[in-house]
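> Based on the sequences and whatever the hints tell you, model everything.
Chains as they are written, first to last, in full-length UniProt numbering: chain A, 1 to 735; chain B, 1 to 50.
These aren't lab readings, by the way, just hints derived from the structure by calculation. Even for Gly, the Cβ is constructed at its ideal location relative to N, Cα and C.
Ranges between beta-carbon positions, derived for each pair:
{"id": "1", "chain 1": "A", "residue 1": "T13", "chain 2": "B", "residue 2": "D44", "range": "28 to 38 Å"}
{"id": "2", "chain 1": "B", "residue 1": "L16", "chain 2": "A", "residue 2": "D64", "range": "40 to 50 Å"}
{"id": "3", "chain 1": "B", "residue 1": "D44", "chain 2": "A", "residue 2": "Q128", "range": "52 to 62 Å"}
{"id": "4", "chain 1": "A", "residue 1": "T161", "chain 2": "B", "residue 2": "L16", "range": "20 to 30 Å"}
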Amino acid sequence: MGAAPDFSHFVRTDEDGRSRLDLAIDGITCAACLPDIETAMKRLPGVKLARLNLTSHRLALTYDPSQVEPARFTGVLEAIGYRAYPYEQRQVEADEQARFTLLLKCLGVAVFAAMNIMLLSISVWSGQSTSLPPETRDFFHLVSAVIALPAAAYAGQPFFTSAWAAIRQRRLNMDVPITIGVTLALGLSVYETQHHADHAYFDSAIMLLAFLLAGRVVDQAMRRRTKTAAGNLAALKGENALRFDGAEWGLVPVAALATGDRLLVRAGERVPADGVIVEGKSAVDESAITGETDPKPVEAGDHVYAGTVNGEGALTVDVTAAGHSALIDEAARLIEQAGAARSRYMQLSDRVSQLYAPAVHLTALVTGLSWWLFFGASAHDALVIAISVLIITCPCALALAVPTVQAMASGAFFRSGLFLNDARGLEKLGEIDTVVFDKTGTLTLPQPGVANADEIPADLLELAGRLARSSHHPLALALARSLRAGAPLPDARETPGQGVSAPHEGGEARLGSAAFCGAEPLATETEASSIYIRAGGRVARLSIRQNLRPDAVKIIEHLRGAGLGLHILSGDRAEAVAPVAEKLGVADWRGGQKPAEKIAFVEALKAQGKKVLMVGDGLNDAPALAAAHASISPIDAVHLTQGQADAVFLGDRLLPVAAALAISKHARALMTQNLTFAIVYNAIAVPVAMAGQASPLFAALAMSGSSILVTLNALRLRGPGKTVNLLAKPLRDQP
Amino acid sequence: MNVLVFLIPLAIALGLLALYGLFWSLRRNQYEDMEGAAYRILLDDDIEKK
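Shown next as structure tokens:
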């Protein structure tokens with residue numbers, strides 16, 4: 001790459017003139033990396049502070065900008081074996097962080113209050129059988145009120161705001177009955193305290209908040225961890241672009257590009273941003289966008305899209321605003337249409353609370369009225385009983401039933417190399433019975449590789465990789481990348497359009513076309529492209545093509561065994577799709593599909609009552625991803641597509657897709673169990689409350705007992721559930 | 001029962017102290033790096049070599 005990239009976009013300057021830079025770091029495997037990295041950084045002149053966060057794998061640097069260039073940092077890190085790239089905190093991540101801190105504070109307050117109130121409440125309960133003077137009891141209630149009211153006002157914030165937001169949109173969510181329950185419990189208790197009554201429910205209200213907050217903190221912690229890891233991955237993609245700043249060409253991070261910038265895209269490079277070609281002629285591999293593997297010829301005036309790979313010619317490109325291309329506009333329009341159906345999906349817990357809230361409020365009303373009108377209770381007693389029904393039914397277990405499972409499931413996803421974009425995705429993935437795969441970049445690896453690697457001597461293969469490092473030809477670049485080749489050979493010379501040669505072991509090694517290497521060209525060219533190597537009298541043909549993901553055959557087999565319907569939908573030519581479908585044994589496949597045709601196919605399956613999972617990476621898949629019941633993308637997918645996916649998977653293997661299905665299925669079963677349990681609990685507790693027998697002790701026991709049970713049940717997802725364990729082996733073998 | 005007059009405030013005060021501790025640690029970002037902190041204590045790069 002030559003010149004160092006200009007990282008000034010990421011640097012923030014303090015008022016005292018020092019600069020701050022955050023780097024995302026890849027390759028941290030153990031704790032020993034910590035002193036390694038920090039010492040290496042502190043040795044650089046001008047570095048004031050270097051602190052590595054082992055949890056988030058980020059390095060915070062404070063340095064004197066006059067003494068050291070930011071690009072030095074990544075260079076030094078690379079030399080000691082870590083890949084690093086400046087990291088820019090996204091708004092989403094900052095929001096998640098703020099939310100986590102607030103929840104933790106609320107939990108702290110709720111636990112503090114619950115402990116102190118319990119101390120008093122237990123004295124009151126045990127005092128009822130002995131002889132607690134009524135004055136002492138009233139005093140204890142008063143102290144409880146003084147602690148509970150401000151604590152509830154603070155710790156209840158997350159629930160109150162969410163309930164209020166739901167009511168304003170004329171919806172009901174689980175936070176509405178929670179808010180009503182807590183408020184009524186506190187109100188009734190204050191009233192009872194004033195009137196020297198036996199019972200007060202301060203403990204129930206506060207404990208309810210503490211349990212619920214604990215569940216949400218766990219959920220949020222998991223979400224934050226996922227977001228951090230995803231943020232790092234995005235940063236580490238860290239591509240640079242060659243930009244003309246009016247006087248000279250400089251390397252800048254892609255994140256710093258703006259509309260109107262003039263870029264140079266060299267042969268074999270990825271196009272960093274959408275733009276229009278000003279100068280140059282080349283062929284562009286648009287497989288990331290359309291799925292089509294044949295390069296498309298382009299010249300001045302044509303549009304090129306971010307994520308496509310430039311062929312043999314250099315292009316000068318002016319960056320245009322995103323969404324200006326017909327293709328992207330079309331995709332966005334289709335996504336919007338397809339996405340409408342999707343936003344109507346209602347979560348399990350919302351569906352339950354939609355029924356639950358009116359049901360319990362009606363029960364409480366009927367109970368109160370019956371006691372008052374038919375059983376001759378005083379208005380005060382009837383009201384107390386009605387409210388105690390509400391307190392007992394306050395959906396503690398119900399509200400914990402789903403989030404606890406969600407937290408555990410996203411942890412399991414994380415360990416299998418998956419990120420959940422949307423919590424709703426989990427429930428939807430658990431319902432899947434049909435899977436539709438895209439071919440290019442989904443079933444096949446995103447980068448082409450050597451198909452016949454096992455037929456070629458290892459030393460020759462290594463030599464080929466190192467020779468390829470000296471070439472700008474797209475095939476050579478793909479070769480070098482896929483072989484993870486070492487340093488280029490010294491004195492290598494490229495003959496444009498033919499190949500690379502370099503002195504090697506007294507003779508000459510050549511890599512390039514058949515003629516260049518003096519080899520017999522293959523009579524019939526199949527879908528693979530060939531590249532030849534000659535060294536020390538030996539000649540070999542390397543066949544470069546899009547290879548299947550290493551475990552694709554096994555995973556497809558597994559999915560079929562699990563009884564799922566499988567289909568392949570590709571934008572690529574039918575001739576290119578057929579061998580893949582045949583190898584995988586998928587009978588139903590289509591090639592040459594346009595985005596609209598892909599949607600139509602998915603819709604047709606949906607019309608048959610199938611729950612479709614779409615797995616795809618291209619821009620052409622994005623609308624189908626949005627239309628499908630659930631969707632998964634590989635991490636290499638284009639942004640727009642990833643945004644539509646419920647989950648994103650890492651690595652070269654297809655295993656995470658199967659793991660996602662297994663985990664979600666398990667999670668969904670646990671959610672249903674938990675919800676059923678919560679309802680059974682209510683079926684038992686509500687009659688007791690309706691009979692007017694719900695003492696505060698009973699309420700406290702029932703509530704905490706059910707909450708703990710539901711949480712323990714969710715933890716089973718962590719334990720050695722057979723299917724999950726089988727599929728969720730850690731995916732550590734990615735490059 | 002008079003002992004309650006200072007035992008209850010004492011219990012609450014202790015609880016508040018712990019709560020203050022939590023808020024303090026959150027403000028100082030003490031939970032930022034739970035893994036790193038465990039290893040950092042083993043590093044002795046802050047000890048001057050003699």
